[in-house]
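Visitor: Work from the hints to combine the two standalone chains into their complex.
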Amino acid sequence: MIYLQTERLVAPKKVVLVGNPNVGKSAVFARLTSRYVTISNYPGTTVDLFRGRARIQGRDYEFIDTPGIQALHSQSEDERVTSNVLKSEKPDLILQVADGKNLRRTLLLTAQLARLKCPLLLALNMKDECDERGIQIDADALSRRIGIPVVQTTAITGEGFSEIINHLDSQAFCSLNGHPPSEWVEEILHAVRRTDEGEDRWDRTKTNLWSAAVVLGALIHIQNYVGAWWGMPTLYSSLEGWLPSGEGLAGTAREAVRLLIAFLLPVLLPFLLALKANTRFNDRFGIWVRRFSTGIPILAVTLSVVYQMVGNLGAQVLVDLLENGLFGGYLTPMLRGLVPTGLVHDFLLGEYGAISVGLTYGIAIVLPVVASFFIAFSFLEDSGYLPRLAVLSDRVFRLMGLNGKAFLPMILGLGCVTMATMTTRILNSKKERLVATILLALGVPCSAQLGVILGIVTGISPLATTVVFGTVLLQLFVVGLVLARILPGQRSDFVLEIPPIRCPDWKNIARKTGLRVKWFLKEALPLFVLGTIILFLLDRLSLLGYMIAAVQPVVTGLLELPSKTATVFFLGFLRRDYGAAGLFDMARSGLLTTQQIVVSLTVMTLFVPCIANFFMVIREQGLRNALLITAFVSIYAVSVGTVLNFLINTLGLVL
Amino acid sequence: MTTESGVKLTELRPGEKAKLLFMTPEVELRLFGFGLFPGIEIEMIQRFPSYIIRCEQTEIALETSVASQVTVSKPTI
Numbered sequence: 002m003i004y005l006q007t008e009r010l011v012a013p014k015k016v017v018l019v020g021n022p023n024v025g026k027s028a029v030f031a032r033l034t035s036r037y038v039t040i041s042n043y044p045g046t047t048v049d050l051f052r053g054r055a056r057i058q059g060r061d062y063e064f065i066d067t068p069g070i071q072a073l074h075s076q077s078e079d080e081r082v083t084s085n086v087l088k089s090e091k092p093d094l095i096l097q098v099a100d101g102k103n104l105r106r107t108l109l110l111t112a113q114l115a116r117l118k119c120p121l122l123l124a125l126n127m128k129d130e131c132d133e134r135g136i137q138i139d140a141d142a143l144s145r146r147i148g149i150p151v152v153q154t155t156a157i158t159g160e161g162f163s164e165i166i167n168h169l170d171s172q173a174f175c176s177l178n179g180h181p182p183s184e185w186v187e188e189i190l191h192a193v194r195r196t197d198e199g200e201d202r203w204d205r206t207k208t209n210l211w212s213a214a215v216v217l218g219a220l221i222h223i224q225n226y227v228g229a230w231w232g233m234p235t236l237y238s239s240l241e242g243w244l245p246s247g248e249g250l251a252g253t254a255r256e257a258v259r260l261l262i263a264f265l266l267p268v269l270l271p272f273l274l275a276l277k278a279n280t281r282f283n284d285r286f287g288i289w290v291r292r293f294s295t296g297i298p299i300l301a302v303t304l305s306v307v308y309q310m311v312g313n314l315g316a317q318v319l320v321d322l323l324e325n326g327l328f329g330g331y332l333t334p335m336l337r338g339l340v341p342t343g344l345v346h347d348f349l350l351g352e353y354g355a356i357s358v359g360l361t362y363g364i365a366i367v368l369p370v371v372a373s374f375f376i377a378f379s380f381l382e383d384s385g386y387l388p389r390l391a392v393l394s395d396r397v398f399r400l401m402g403l404n405g406k407a408f409l410p411m412i413l414g415l416g417c418v419t420m421a422t423m424t425t426r427i428l429n430s431k432k433e434r435l436v437a438t439i440l441l442a443l444g445v446p447c448s449a450q451l452g453v454i455l456g457i458v459t460g461i462s463p464l465a466t467t468v469v470f471g472t473v474l475l476q477l478f479v480v481g482l483v484l485a486r487i488l489p490g491q492r493s494d495f496v497l498e499i500p501p502i503r504c505p506d507w508k509n510i511a512r513k514t515g516l517r518v519k520w521f522l523k524e525a526l527p528l529f530v531l532g533t534i535i536l537f538l539l540d541r542l543s544l545l546g547y548m549i550a551a552v553q554p555v556v557t558g559l560l561e562l563p564s565k566t567a568t569v570f571f572l573g574f575l576r577r578d579y580g581a582a583g584l585f586d587m588a589r590s591g592l593l594t595t596q597q598i599v600v601s602l603t604v605m606t607l608f609v610p611c612i613a614n615f616f617m618v619i620r621e622q623g624l625r626n627a628l629l630i631t632a633f634v635s636i637y638a639v640s641v642g643t644v645l646n647f648l649i650n651t652l653g654l655v656l
Numbered sequence: 086m087t088t089e090s091g092v093k094l095t096e097l098r099p100g101e102k103a104k105l106l107f108m109t110p111e112v113e114l115r116l117f118g119f120g121l122f123p124g125i126e127i128e129m130i131q132r133f134p135s136y137i138i139r140c141e142q143t144e145i146a147l148e149t150s151v152a153s154q155v156t157v158s159k160p161t162i
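Sequences listed follow chains A and B, in order. Count along the first sequence from 1, add 1, and you get the number used in our numbering. Count along the second sequence from 1, add 85, and you get the number used in our numbering.
Okay, chain B solo, but in the shape it has when bound (with noise of 0.2 Å):
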C-alpha cells in the first residue's frame, strides 16, 4: 500500500523524487516566482554545497535556510 507522509525538503537524497506540499509565508511568494507551489512534482538533484532542485525544466539552487521552510511529500511504500 502506497502513502504519502510529509518531509522536509532538505531530508530527500539526490535523484528522489517528491510532491510539493506547502512552505511557510516568508518564503511562499519568493518561491511561487519560480514555479514552485503546492502540489507540483520536483527531483532533488544535489544537496551539497546548496540544494539543487528540478522543477518541470528549471533547476533552482536553494540554501538550507529556504530549503529547509519546505514540505514535500514524499511517496513511501
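Isolated chain A (complex conformation) (with noise of 0.2 Å):
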C-alpha cells in the first residue's frame, strides 16, 4: 500500500523525443503514448509541441513531441520551439529519433544534445528502409563507442520499441564530443549497399515495366480528359452505352462505376501497385516528378485526378446520394411530417432553418467533398510528393519574396486555411512568414471551400472554370509579387531536405481523414448550424433586409450580383466553405448566370478568411497586423471582382 502511494506523488518522468525533420518522431510519440497525431511524408508536419502521458510498466511517464530540428542553434520558429523546450522543460531523458539511413547526420545532433547533460537514448528509426536499402548498422558497437543505450526501431510497425521501454529509465550520457570520424562510422556501418548498384537485370525489367503501366494509365487519362473536350470517342464515352441505364440512386451507381473505371483505374491502380511493390520504381519516379520536363505534366496529372475524385465523386455523386436519398428522401419528409408548421417548423426547416439548411449545407454538402478531398490530400502528403512540388516551385515562389518551403503552408492552405497559417513557422524569415500569411488570407481556398467550388465549375464551362482559377492564382502572384518589394525583410535561401517516394500505408491515410473529418463535425458543423440561427434571428427581426439594403451598392451595383448573395458572404465570413455551399445552392438553382457564378466566386475566395483562421492570423501576427491583412483582403477581395466583371462586360466575353 505504501508502495503505491508514494508511487502516486512521484511527479511523471519527462520523456522529449528530438530530431531531425521528418524522421518519425510523430510516429514514435503515437506509439509510445497510444494517441494518434498527423503523421506525413513531409519535414514540417509538426510545428508545436505535443504532449502525452502514459504508464508504462507502472510508472508515469510524460512524453513531449517536438518540431524537427537540424541542430541546436536553430534558425526558424518551429526549431525554436525545441530548443527552447530543452532548455526549459528539465527532461528527465531525451530520446532522440533518428533516421537509421543517415548515421553521420544523425551524430552530429547527438553531439550536440551530449553538450546538454541530460541522459540520452538514440533510437534509429526507418529500419525497414534501411533493410530494403542494404543498410545495415551495428547498434552495440555505436552504444559502446557513444555511451549510450541505441536501439533500431521502425515507428510504423512497432518493431524495437520493447527495446524504447526497457531504456526508458536509462541514465547514461553521452560521451560524443564533436563530428564523429569517419573511420569508425564507416566500422558501424557495415554491408551498405545502394540500391541502384548490384541490382539484376529483372529488377530492372520490372521498374520498365511499371513506368510503361504509369505512363499507359496517365496517357488514357489524358485521352479522357482532352477527349471529352473536344468531342472525341474515348473510354468514359464509350461506357455510356454498356452500363444500365438508372434514375436516383442507381443513377448515382452508375454515375460512380463510370467514374471509377474511366478515370481512376487507370491511372491510380497501377500508380499504387508501382509504388508498392518496387523501391527502384519509387526513387526513379522521385526523379521525374522534380524535373520540368516530366514534373509539370504529372502535375497536371495528379491535379486532375484529384478534380475527378472531389469534383466529380465527391461534389457530384456522393452529395447527390447524401443530400437527395438521405436527406431529401428521408429526413426532411419525415420531419416536415412530425414538425407542425408555424415557427418550430421555420426555425428547423424553413428558408434559414438550422436543419434544412444549416445541417443540410454541413453534412450533405461540405462533408462528402472535404472527406474526399481529405482522402486525396493525405494520400499526397504521405507519398512525399509535395516537397518535391516545392522544388519545382522554388522559381516562381522567389519572385514573390518566398522561397520554395513556402509552397508546403501554401498547398497545405488547400486542407485548411487556418492549420497552413500555424505552418508558416516552417518559413526562416520574419518577412516570410507575413507574406506567406496574408496570400493564405487572400486566396487559398481551403479544402471545403474548394471541394465546393470544384462542384460548381464542373456544372460551367471549361472557359469560366480558367478564369476563375486563373484570376485567383494571378491575383496571388500579383500581390506577392508586390509585397516582396514593399515589405521590410529579407527572404532566405531555399535549402530543403526531400524525403523519399514512399507508398502511403491505407492505415495512416484511413486514421489522418477520420481525424480530420471528425474535427470537421466538431468544429465546422456547430458554426454551420449556428450561423443559420444567426441569419434566421436576423431574419425574424427585419434587419436581415436592412443588412443587405446597406452593401447592396456594392453586391448588386459593382458586382452585379442578386442581392441573396449578400447572405452568402456573410456566411463565408464564418466558414469560408458554408458560403461556398451557398453559392453552389443558388447555383444549382439557375438563380446565377455563368458570368455572375464565376464573379462571385472570384470574390468568394479572394474574401475574408473564416473566423478562426482570423484568430490564427492574430495568435501568430499581433492583433494590428491581422487587422491590417483582414481590411486589405477584404477590399481588395471586392475590387478584382469589380475589374473582373468589368472586364468580361467590356470584352464581351461569352462564358
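Do not rely on the hints blindly, as some may be mistaken.
Derived SDA-like pairs (lysine to any residue); straight-line CA-CA distance at most 20 Å [as the list claims (entries may be wrong)]: (1) Lys104(B) / Val186(A); (2) Lys432(A) / Glu148(B); (3) Lys93(B) / Asp494(A); (4) Lys431(A) / Arg115(B); (5) Lys104(B) / His180(A); (6) Lys104(B) / Arg60(A); (7) Lys102(B) / Glu187(A); (8) Lys104(B) / Leu190(A); (9) Lys102(B) / Ile288(A); (10) Lys159(B) / Gly100(B); (11) Lys432(A) / Leu624(A); (12) Lys93(B) / Pro110(B); (13) Lys91(A) / Arg60(A); (14) Lys104(B) / Arg105(A); (15) Lys102(B) / Arg105(A); (16) Lys102(B) / Arg60(A); (17) Lys431(A) / Lys159(B); (18) Lys508(A) / Leu274(A); (19) Lys432(A) / Arg115(B); (20) Lys277(A) / Leu190(A); (21) Lys102(B) / Arg285(A); (22) Lys91(A) / Gly53(A).
Don't read these hints as lab results, they were simulated from the structure.
Guide: Structural data, given as C-alpha cells:
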C-alpha cells in the first residue's frame, strides 16, 4: 500500500523526443502514448509541441513531441520551439529519434545533444527502409562508442519498441564530442549496398514494365480529358451504352462506376501497385516529378485526378447520394410530417432553417466534398510528392519574396487555411511568414471551399473555370510580387530536404482522414448551425433586409450579383465553405448566370478568411497585422471582382 | 595520377560525385544541420530548377545562391 502511494506522488518522468525533421518522431510518440498525432511524409508536419502521458510498466511518463530540428542553433520558428523546450523543461531523458539511413547526420545532432548534460537514448528509426536499401548498422558497437543505449526501430510497425521501453529509465550520458571520425562510422555502418548498385536485370525490367504501365494509364487519363473536351470518343463515353441506365440511387451508382473505371483505375491502380512493389520505381518516380519536363505533366495529371475525385466523385456522386437520398428522400420529409407549420417549423426547416439549411449544407454538401478531398490530400502528403513540388515552384516563389519552402504552407492551405497559417512557422524569416500569411488569407481556398467550387465549376464551361482559377492565381502572384518589394526584411535561401517517395500506408490515410472528418464535424458543423440561427434571427427581426440593403450598392451595384449573395458572403466569414455551399445551392437553383457564378466565386475565394483563421492570424502575427490583413483582403477582393465583372462586360466575353 | 582540385558545387554535372571541401560562413551553419560538412561525399542529382544533391541517403534541394558558396573537390585524372 505504502509503495503504491509513494509511487503516485512521484512526478511523471519527462521524456522529450528530439530529432531531425521527417524522421518519424510523431510516429514514435504516437506509439508510446497511444495518442494519434498527424504523421506525414514531409518535413514540418509538427510545428508545435504535443504532450502525452502513458503508464508503462507501472511508471508514469510524460512524452513531449517536438518539431524537427536541423541543429540546436536553430533558425526558424518551429525549430526554436524545440530548442526552448530543451532549455525550459529539464527533461529526465532525451529520446533522439533518427533516420537510420543518415547515420552521420544523426550523430552530429547527437553530439550537440550530448552537451545538454541530460541522459540520452538514441532510436535509429526506419529500420525497414535501411533493410530495403541494404544498410546495416551495428547498434551495439555504436552504443559502446558513444556511451548511451542505441535501439533500432520501425515506428510504423512497432519493431524495437520493447527495447525503447526497457531503456526509458536510462541514466547514461553521451560521450560523443564533436564530429564523429569517419573511420569508426564506417566500422559501424557495414554492408552498405546502394539500391542502384548490384541490381539484377529482372529488377530493371520490372521497373521498366511498371513505368510503362503508369505512363499508359496517364495517357488514357489525358485522352479522357482532352477527348471529352473536343468531343472525341473516349473510354468514358464508350461506357455510356455499356452501363445500365438508371434514375435516382441507381443513377448515382452508375455514375460512380463510370468514374471509377474511366478515370481513377487507369492511373491510380498501376501507380499504387508500382509504388508498393518496387523501391527502385519510387526512386525513379521521385526524380521524374521534380524535373521540369516530366514534373509539369505529372502535376497536371495529379491535379486532374484530384479534381475527378473531389469535383465528380465527391461533389456530384456523393453529394447527390446524401442530399437527395438521405436528406431529401428521408430526413426532411420525415421531419416535415412531425413538425407542424409555425415558428418551430421555420426555425428548423424554413428558408434559414437549422436543419434544412445548416445541417444539410454541412453534412450533405460540404462533408462528402471535404472527406474525398482529405483522402486525396492525405495520400499526397504521405507519398512525399509535396516537397518535390516545392523544388519545382521555387523559382516562382522567389519572385514573391518567398522560397520553395513556402509551397508547403500554401498547399496545406488547401487542406485548412487556419492550420496552414500555423505551418508558416517553418519559414525562416519574419517577412516570409508575413507574406505567406497574407497570401493564405487572400487567395488560398480551403478544402471544403475548393471542393464546393470544383462542384460548381464542373457544371459550367471550361473557360469559366479557367477564368476563376486564373484570376485567383494571378492575384496571388501580383500581390506576392508587390509585397516582396514593399515589405521590409529579407527572404531566405532555399534549402530543403526531400524525403523519399513512399507508398502511403492506407491505415494512416484512413486514420488521418477520420481525424480530419471528426475535426470538421466538431469544429465546423456547430458554426454552420450557429450561422443559420443568426441568419434566422436577423431575418425574423427584419434586420437582415437592412443589412442586405446596406451592402446592396457593392453587391448588386459593383458586382452585379443578386442581393441574396450578400447573405452568402456573410456566411462565408463564419466558414468560407459555408458561403461556398450557399453559392453552390444558388447556382444549382439557376439563380446565377455563368458570369455571376464566375464573379461571385472569385470574390468569395479572395474574400476575408473565416473567423477561425482570423484568430490564428492574431495569434501568429498580432492583432494589428490581423486587422490590417483583413481590411486589405476585403477591399481587394471586392475590387478584383468589380474589375473582373467590368472586363467581362467590356470584352463581351461569352463564358 | 589522381589529383584533386577545388571547384564550386554548381560546376558538378548530374551524376558526378565529389568530396565536400568547405563553404562560406554564411551558409555553413544551415548546411551543417543537413549533414553537409567538410570531408563528406556528395553526388549531384539535378541542376534545374534547383540544385539537388545527395549526401548519405538524404536528398537536399539548394538554390543557386547557396550552392555557389560551397566548394567541393572533384577527382581529376
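Visitor: Tell me if the straight-line CA distance from Lys431(A) to Arg115(B) falls inside 20 Å.
Guide: holds, 17 Å
Visitor: Between Lys102(B) and Ile288(A), is the straight-line Cα distance small enough, at 20 Å or below?
Guide: holds, 17 Å
Visitor: CA of Lys277(A) to CA of Leu190(A), is that 20 Å or under?
Guide: Measuring from Cα to Cα gives roughly 27 Å; hence the hint is violated.
Visitor: For Lys102(B) and Arg105(A), compute the direct alpha-carbon distance and say whether it is at most 20 Å.
Guide: holds, 18 Å
Visitor: Please work out if Lys104(B) and Val186(A) have their alpha carbons no farther apart than 20 Å.
Guide: holds, 17 Å
Visitor: Assess, step by step, whether the Cα of Lys508(A) is no farther than 20 Å from the Cα of Leu274(A), and give holds or violated.
Guide: holds, 16 Å
Visitor: Please work out if Lys93(B) and Asp494(A) have their alpha carbons no farther apart than 20 Å.
Guide: Satisfied, since the Cα-Cα distance of roughly 17 Å is no more than 20 Å.
Visitor: Below or equal to 20 Å on CA atoms is what counts here, so check Lys104(B) against Arg105(A).
Guide: holds, 15 Å
Visitor: Keeping to a limit of 20 Å between CA atoms, is the pair of Lys104(B) and Arg60(A) held or broken?
Guide: violated, 49 Å
Visitor: Lys91(A) and Arg60(A) were given as a pair; does the straight-line alpha-carbon distance stay at or below 20 Å?
Guide: Answer holds: Lys91(A) to Arg60(A) is near 19 Å, not above 20 Å.
Visitor: Hint check: Lys431(A) vs Lys159(B), CA-CA at most 20 Å. Holds or violated?
Guide: Cα-Cα ~38 Å, so violated.
Visitor: Are Lys432(A) and Leu624(A) close enough, with their CA atoms no more than 20 Å apart?
Guide: holds, 17 Å
Hints 6, 16, 17 and 20 from the list above are not met by this structure, while the remaining hints are.
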